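Visitor: Take our numbering: the last position of the sequence shown gets the number 389, and nothing is skipped along the way.
Please keep in mind that the hints were generated in silico from the structure rather than gathered at the bench. Treat the numbers as computed from the prediction; the structure is a model and nothing was measured. Glycine included, each C-beta is placed from N, C-alpha and C at the ideal position. Misleading hints may appear alongside valid ones.
Claimed, not checked - Pair ranges (Cβ atoms, derived):
no. : residue 1 : residue 2 : range
1   : 379       : 349       : 27 to 35 Å
2   : 388       : 356       : 18 to 26 Å
3   : 346       : 387       : 15 to 23 Å
4   : 375       : 339       : 28 to 36 Å
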Amino acid sequence: MVPIDAVRTGDVMIVRNGEVIPADAVLMSATGYVDYSFVTEKAFQLSALPDR
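Taking the hints into account, I'd like the entire structure generated from these sequences.
Guide: The following block contains the structure:
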């Protein structure tokens, strides 16, 4: 695990199912769903597609 203060712009992270995305991010490959309930306080997921 990397401390959040060690994360720099341009770093590449692997985030697995059930893990928390630790910072603003750009999805580079694959697809998935992101649970935004911690932001919106409503339980829903948004689909995530790679940034092209």
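Visitor: Looking at the structure, which of the earlier hints fail to hold?
Guide: 4
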